[in-house]
Amino acid sequence: MSSVPTATYGAPDVSEPIVFEPGQQIHTTNGRTTQISDIVLKAGGEDRDKPTEAKDTALGQLRAQLTTVQDKVNEFLTERMKKEKEDKTDVERRILDDGVDEDDSD
Amino acid sequence: MATSLPYTLNLSIPFESARQAEIACKTLSPDPILKVNELNVKYSHDSNTLTCAFSGVSDRVIRVAVSNVIDNIKTIIECMDEFDGKEDELFQ
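Protein chains in written order, with full-length UniProt numbering: chain B, 1 to 106; chain V, 1 to 92.
Fair warning: there could be bad hints in the mix.
As the list claims (entries may be wrong) - Listed below are the simulated DSS-like cross-link pairs for lysine-lysine, each with C-alpha atoms no more than 27 Å apart in a straight line: (1) LYS83/B to LYS72/B; (2) LYS85/B to LYS35/V; (3) LYS35/V to LYS86/V; (4) LYS82/B to LYS55/B; (5) LYS86/V to LYS55/B; (6) LYS88/B to LYS26/V; (7) LYS83/B to LYS26/V; (8) LYS72/B to LYS86/V; (9) LYS88/B to LYS42/B; (10) LYS72/B to LYS35/V; (11) LYS72/B to LYS85/B; (12) LYS83/B to LYS50/B; (13) LYS42/B to LYS42/V; (14) LYS50/B to LYS72/B; (15) LYS35/V to LYS55/B; (16) LYS35/V to LYS88/B; (17) LYS82/B to LYS35/V.
Hints listed in this document are in silico derivations from the structure and should not be mistaken for laboratory results. If you're wondering where the values come from, they're calculated on a predicted model, not measured in any experiment.
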C-alpha cells in the first residue's frame, strides 16, 4: 500500500492510467493552483484564505503532499481542457475555411 | 437511463490510522452530488486508506470536483492535526 497520496486518471483517449504522486520535491501547503488570481494579487489584493503552513507532523506532511498532487492534477486537467478547446476551434475553423474555398471556386 | 461517465480519477489518501480514514470518509460522504447525470463520487476506506472514486462526463467536471474534494480533505487533515488526541486540552 502506498504511503503517499496518489491520484490515478483515466479517459477514453488515454490508453494507460496516468498516476500522479507527490514526488521528491519540497512540499508546501501553498498550492500554485489554489491561490487567488495573479490579477488580484498584482492589484494589491490579499489572500485571506491562505492556508496555514504544514506542521512538522505526519499529518502536516500529508497535507503538503496532497497540495502537490492537487497542483499536478489541476495543471494536467487544465492543459487537457485547453487542448480540447483548441482542437474544437481548429475543426470549426477548417469547416469555415473550406466553406470559403467552395465559394471562391465559383 | 444510465449516463456514460467515461472520465475517471481515483484518489488514494493514506492516513495514520484506520480510524482517521473512517472519520474522513464519514465527513465527506454527506455532501450531495448536485448533477448526478454529470458526476459520480464514491468514498470508501480500507484499513488506513481513504479512496475517492470520481467519474464524470468531462475533464472540466472532474477537475472542479476533485479540486473541491481535495480542499475539503486538507481541511479534515488540518483539523485532525490540530485537535485529534487533545480531547482533554482546553483551547482558549
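Hints versus structure:
1. With a C-alpha separation of about 17 Å, the suggested pairing of LYS83/B with LYS72/B holds against the 27 Å cut-off.
2. Restraint check: the Cα-Cα separation between LYS85/B and LYS35/V comes to about 23 Å, which is no more than 27 Å; the hinted pair holds.
3. Of the supplied pair hints, the one linking LYS35/V and LYS86/V is violated, its CA atoms being roughly 39 Å apart against a limit of 27 Å.
4. Note on LYS82/B and LYS55/B: the hinted pairing is violated, with a Cα-Cα distance of about 36 Å set against a maximum of 27 Å.
5. At most 27 Å may separate the alpha-carbon atoms for a hinted pair to count; LYS86/V and LYS55/B meet this at roughly 16 Å.
6. A distance of roughly 41 Å separates the Cα atoms of LYS88/B and LYS26/V; the hinted pair therefore is violated under the 27 Å criterion.
7. Among the hinted pairs, LYS83/B with LYS26/V is inconsistent with the structure: their alpha-carbon atoms are about 37 Å apart, more than 27 Å.
8. Taking the CA atoms of LYS72/B and LYS86/V, the gap is near 34 Å; set against the 27 Å cutoff, the hint is violated.
9. Annotation: proposed proximity of LYS88/B to LYS42/B is violated, straight-line Cα distance about 33 Å (limit 27 Å).
10. Taken as a hint, the LYS72/B and LYS35/V pair is honoured in the structure, with Cα atoms around 25 Å apart against an allowance of 27 Å.
11. With a C-alpha separation of about 20 Å, the suggested pair LYS72/B and LYS85/B falls inside the 27 Å cut-off, and the hint holds.
12. At roughly 30 Å between alpha-carbon atoms, LYS83/B and LYS50/B are farther apart than 27 Å, so this suggested pair is violated.
13. Between LYS42/B and LYS42/V, the direct Cα distance comes to roughly 39 Å. Violation of the 27 Å bound is thereby established for this hinted pair.
14. The straight-line distance between the Cα atoms of LYS50/B and LYS72/B is roughly 19 Å, inside the 27 Å bound, and the hint therefore holds.
15. Of the pairs offered as hints, the one joining LYS35/V and LYS55/B is violated, with about 36 Å between alpha carbons and a cut-off of 27 Å exceeded.
16. Restraint check: the Cα-Cα separation between LYS35/V and LYS88/B comes to about 25 Å, which is no more than 27 Å; the hinted pair holds.
17. Distance check on the hinted pair: LYS82/B and LYS35/V sit about 23 Å apart at the alpha-carbon level, within 27 Å; holds.
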